[in-house]
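Asker: Heads up: the sequence lines are chains A and B, in that order.
Under my numbering, the first sequence has 42 at position 42, and the numbering climbs by one with no breaks.
In short: position in the second sequence from 1, add 1000, done, that's my numbering.
Calculated from the structure, these hints are not laboratory results.
The structure presented is a predicted model; accordingly, all values stated were derived computationally and were not measured.
Ideal Cβ placement from N, Cα and C applies to all residues, glycine included.
One should not assume that every hint holds.
What the hints assert, rightly or not - Derived DEER-like restraints, expressed as beta-carbon distance ranges:
{"id": "1", "chain 1": "A", "residue 1": "Gly53", "chain 2": "B", "residue 2": "Ser1311", "range": "34 to 40 Å"}
{"id": "2", "chain 1": "B", "residue 1": "Glu1278", "chain 2": "A", "residue 2": "Ile256", "range": "40 to 46 Å"}
{"id": "3", "chain 1": "B", "residue 1": "Thr1274", "chain 2": "A", "residue 2": "Ala264", "range": "34 to 40 Å"}
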Amino acid sequence: MTELPRASFNERAPARAAVAEGDGIAVPLRAGAERAGDHVFWWRLASIAIVCGAWEIAGRIPINYAFPSFFETALAFGRMIADGSLPKAYVSTLQPLLLGIAISAGLGIGLGILMGLRRTAEWFGAPVFIVLQSAPVAALIPLITFVYGIGLTSKTLAVIALALPVIVLNSYKAVRNVNPSLVAMARSFLASRWQQILRIILPDASPLIFAGLRLGIAAGFIGVVLAELLITPTGIGDLITYHRSVADYAEMYAVIVSIILFSAVTLSVLQKLEIVLFRPEQREAGA
Amino acid sequence: MQGLLKRAVRLGAAAALAVAMAAPVAAEAAEGKIHVALGDVPSIETLNLLIAVERAKERGLDIQVTPFKSEDVAAQAVVGGQADVGVGTPYAMIQKVKAPIRLFYQMSNLRFFPVVDASVYKDWKDLNGKEVVVHSRGSGTEAIMKMMAQRNGIEYGSISYVPGSEVRAGAMLQGNIKATVVDAANRRLLEEKAPGKFAVLPMENVNATDEALFANTEFLEREADAVTVLAEELMKTWREINANPAVAAELRKKYNLLPDLPADEEGEIVAYYTESAESKAFPEDGGNPGAVKADFEFYAVSGQLEGDPASLKVEDFWTFEVAERARKNLGQ
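Using the sequences and the hints, build the whole thing.
Answerer: Take a look at the structure:
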């Protein structure tokens, strides 16, 4: 009865084994991949250098008195690390961010899968999340403060308001768009509903669910910065507002760039982690 | 082939970014025109400025007033050249950014009131080691509280930030906070809603500019005549309102200003200007070096200005030429 799902796992097993065993099989493949990787690495470096160079030039012209050059910004970044204000701000910003993302991920994936599997849940949930996703949430944040005040709850809710809809809708679409022939096959092998869900539907849906998770986390970053700028200035938002109000523009830009980089690095680490943990086939192809 | 295409796309994107970052903001340069950048939405507190603007328009000036979200953004608009005259006190910007910006007309003095829950605190000494709530880091409200702490030899337990006088007043009424600093309108609100529950702590000799006009030095030279006309109208309006605050409400009707103001707030206009006139919130001379020295001291405490206040030079921040010309033309 459970023959087939097992077969599907067995199919993946060799790939996993190759990864686990390591170099024996992968070396020739990797050598080629590494050459290509080197190439990409230099291009990326060049692209970063061009952007930073353009920034430096723009800062030196200057295009605006309030626009610092790249080096001034980098120095300001160093100063803020040294005096501890930036690390402290991140500790404070990460609280609503992590809390909001954890809630959104758990709740969002659960709800999304439920909506994908059950029509009643879909009718109930889909309109709400579609509206929420298309709504300009920044305009709704002041409303949150009327109900929940100006503390951590409001900021966490702002993160959830931005992250949850994306995660829910992606999980829901992922489950809804599972290859029907796989499901039909599972049925013809007399798989139970749970077996269908755990062994066919979820594995097939997981790439899209992960993509939704990444988009959700990116939205969560937007949410937390918006909340800190619009509700009460704390953490990163406080540093941005404060340094702007005392005209320390280099510091202000350093904070803004740092949160962008932090978000970008977090997302790419997540993607790597996903490939390593869950997508052995892509690891081979895309390394 | 595909690789080439990718490279081309990447290079193109990089080039586009470089161009976008390097493209200078086009500066407007129209004659006889003044574009004023307000740091806040027009309200009762900016009514006197709006009246003066209407009167300057009657004298043939083409003045456009644009409200911005905050004073910082308004100041940026002036530095970037999208606006000619800004409203606010951009001392930090003038000092740190080295932009050719000068303040040229002092419109109002900072007027905030340290308010405490009378059942908990009686005077400044009681606030030693206690929490006080102010608007934001580096704000005037924070500077007031810090300055008074210095003078009374006390140190607060902590300073919390809650933006908005009305929000802090609401929190005082609910009892969530016990000591804060609010503006005139919200002090009145506290006294009306809970008479006797709150006490205003004494605050002597804290003088600082709240709102002033500033502009590019190049603009001040090019549009000297237009700016002088505006300054004259400001001075006339200020003197008129100080002599008879009720005029503010009449002139609002005459020029149809703040048309969306709710009827029940109309009475506030006269109350606000009466109180402001009594406490000399609206200077009649457009600014003087003594006031600027006081500003240096105040804004050094707030963190806006760096360095020893005594070493700062007035001429690096202010030009009094416009106000002097206006005073001369008005015959005083």
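Asker: With reference to the structure, classify each hint as holding or not holding.
Answerer: Checked hints:
At about 38 Å, the beta-carbon gap between Gly53 of chain A and Ser1311 of chain B stays in the expected band of 34 to 40 Å. Separation of Glu1278 of chain B from Ile256 of chain A is about 44 Å and conforms to the stated range, judged on CB atoms against 40 to 46 Å. Checked against the hint of 34 to 40 Å, the C-beta distance between Thr1274 of chain B and Ala264 of chain A comes to roughly 56 Å, which is inconsistent with it.
The structure fails to meet hint 3 from the earlier list, while all remaining hints are met.
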